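Model the full structure from these sequences, guided by the hints.
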Amino acid sequence: MTQLFTVSSYLAVKEIWRNLGRFLLVSLVIALITLLVLFIAALGEGLGNGNREYISKLDAQLIVYQAKSDLLVGASRLGYDRLAAVQRIKGVADAGMLGTANATIILPGNNAAPLKVSLMGVAPGHPGEPKVVTGRQLGSGLTREVILDRSTALRSKLVVGDTLTIRTTQGTTDKFFDLRVVGISDGQQYSLQPTIFLPLGTWDRVRPKSEAEINSTDLVGNVIIVKLNDPTEAALVESRIKGQINNVETASLDQAIQALPGYTAQQSTLNTQGGFTLFIGILVIGGFFQIQTLQKVPQIGVLKAIGTSNPAVAAASVIQIVVITIIGVAIGAVLSFLFSLTFPPTVPIVFNGQTSAIAIIALLLIGPLGGLVSIRYAVRIEPLKALGLSS
Amino acid sequence: MMNAIETQYALETKSVIKTYQTDTGPIQAVDDVSIQVAPGEFVALVGPSGSGKTTMLSILAALLKPSSGQILLDGEDLAGMSETQRVNLRRQKIGFTFQSNNLVPYLSAVENVELMLRLNNRLDKAGKLRARELLARLGLGERLNNLPGQMSGGQQQRVAIARALIHNPSLVLADEPTASLDSERAFQVVETFAGLIHEQKRAGIIVTHDLRMCEFVDRVLQMRDGKLVKVTDEHDEIMKLARSGKD
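Residue numbers (our numbering), protein chains in the order written: chain G, 1 to 391; chain D, 392 to 638.
You may find that some hints are simply not true.
As the list claims (entries may be wrong) - Cut-off 27 Å, straight-line C-alpha distance, at most; resulting in silico cross-link-like pairs (DSSO-like, lysine-lysine): (1) K519/D to K14/G; (2) K385/G to K484/D; (3) K227/G to K242/G; (4) K14/G to K516/D; (5) K516/D to K385/G; (6) K14/G to K484/D.
Said to hold, decoys possible - Covered stretches of chain G (chain D as the covering partner; in silico rule of three or more C-beta atoms under 8 Å from a C-beta of chain D): (7) 1-14; (8) 294-305; (9) 379-388.
Just so you know, these hints were derived from the structure itself, not from any lab. All values reported here derive from a predicted model rather than from experimental measurement. We put the beta carbon where it would ideally sit given N, CA and C, even for glycine.
Right under this line is the structure:
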């Protein structure tokens, strides 16, 4: 076995070394495929993250929606009576109302472009309010305070203690509101936008409103975020909520993420693109090694005629393919990393360790997979025919 | 390996037959051929196109199984061997030079020769030295690190000869080794080959359509229509045959 590996690796490495240009070209093709796959994966992660980041980081297990809202946060309307009812359900540790809307931050300076953000109304101290990493949590009531998520802080350059102005449209009039930054959380994007968090009362005052809503005094949020005493009892609590409260539906965080508008379609599109790129990679690598094997038929014939075994011939091919693929993937990974440094924070590219690792493993497999046909072909070469000795 | 039969010959075939099935019926490419080659003997297998000499060579090289008959190499019968046994036999006991595409293109001259030792797990310092010495004797001392593409056809054939001999095989086979060479180089190659066969006491068989090359052999086996039709072992007759090729 050792002898087989020694001979095979000797033949494989010698051939690569003496034909560096040709093999490097294939490695570069693999590097480009790697670059493409990693960027598609990072884009998928970035876009997905931009959509789900806030929900996925919630310290909660369930979300309560208005019935028949199809788990769409924007389509759901829940009043405080429902919040109180949810809080009374056995197994619920805490619950907080969440209101969502959009607003524009007017940044200081004449040339600064306004920043569109998700405007989130949360109950201070209750599920839904993100933990700050700088500054403090929101005060309760109608305080004009705001927590910025990391991406908002990065893009707006605002820091704790600054005052920001937001613009919303209420009725037919643009309204401007000043809010004081009291804290900055980690990344908490929602709806692919940077996000700011306000106490629910303040949120209701500053959020965009239709003409009919302007004079309404009812405080209405979109959904209720529920934290359970025992997360393993989620199903039981869900059934209690649906059984005891009328006109609501519930979802786990995963279900809520899948129901985000366009999320599933976006992710499946990007996954399909990544899959196709890998498939193209398999074809390209397979094609290269097959052509190379066809060109090497007499040479493989000689090797077999002088006593090289089929396993040794196959192992040499496998080693060659693996080496070329590893070099290509390594070059591609380094290129991806270097390119990623040049992207501004507005580009939703996130190199998540797990996603990148899966992509790299898939890329490392495409070499041997693509080369399977050529390995099979090499093993089947008959020295008699290859050397022109057959009658 | 199988049990060896005692024999004074390095190679002995007994009533070897190779039949091919074709659309028009069976064809006997080799028909009842029995030959013997002793260690240190250099034999030419000649005959016109389609005479069966290449098929016979393929059978002797353990690349093709005969339909019937025995092929004893150092007393071991090739005919009954499995594919793995035949691969091992080719690696250990047979040296081979081919008409063309002889060498592994990405290995240098000395690496091509050393490859046989490497395959046999016998590449040590002494083996490396022997490979260099053998190439130097073949006039390739300055070409040790040249790749096949950097050498002429004659030089490549000489590297192939060195590779065929380096692992001390019992049988050395050459298939039309001069086909792509000019006359002068062809004579040089076969003369060198014959010299080494005699000196190293190997059994050597050269398949050629060029009768002039018979000048360097000890015996000429002539085939026609798959049969061994004439064996010439008298020196004068061999030289006469060689001269007939020059006409």
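Comparing the hints with the structure gives:
1. K519/D to K14/G: holds, 17 Å
2. K385/G to K484/D: holds, 22 Å
3. K227/G to K242/G: holds, 16 Å
4. K14/G to K516/D: holds, 20 Å
5. K516/D to K385/G: At roughly 36 Å apart (the allowed maximum being 27 Å), K385/G and K516/D break the hint.
6. K14/G to K484/D: Distance of about 26 Å is within 27 Å: holds.
7. 1-14: holds (count 6)
8. 294-305: Our answer is that it holds, as 7 residues pass the Cβ test (under 8 Å) against chain D, meeting three.
9. 379-388: Satisfied; 4 residues make the cut.
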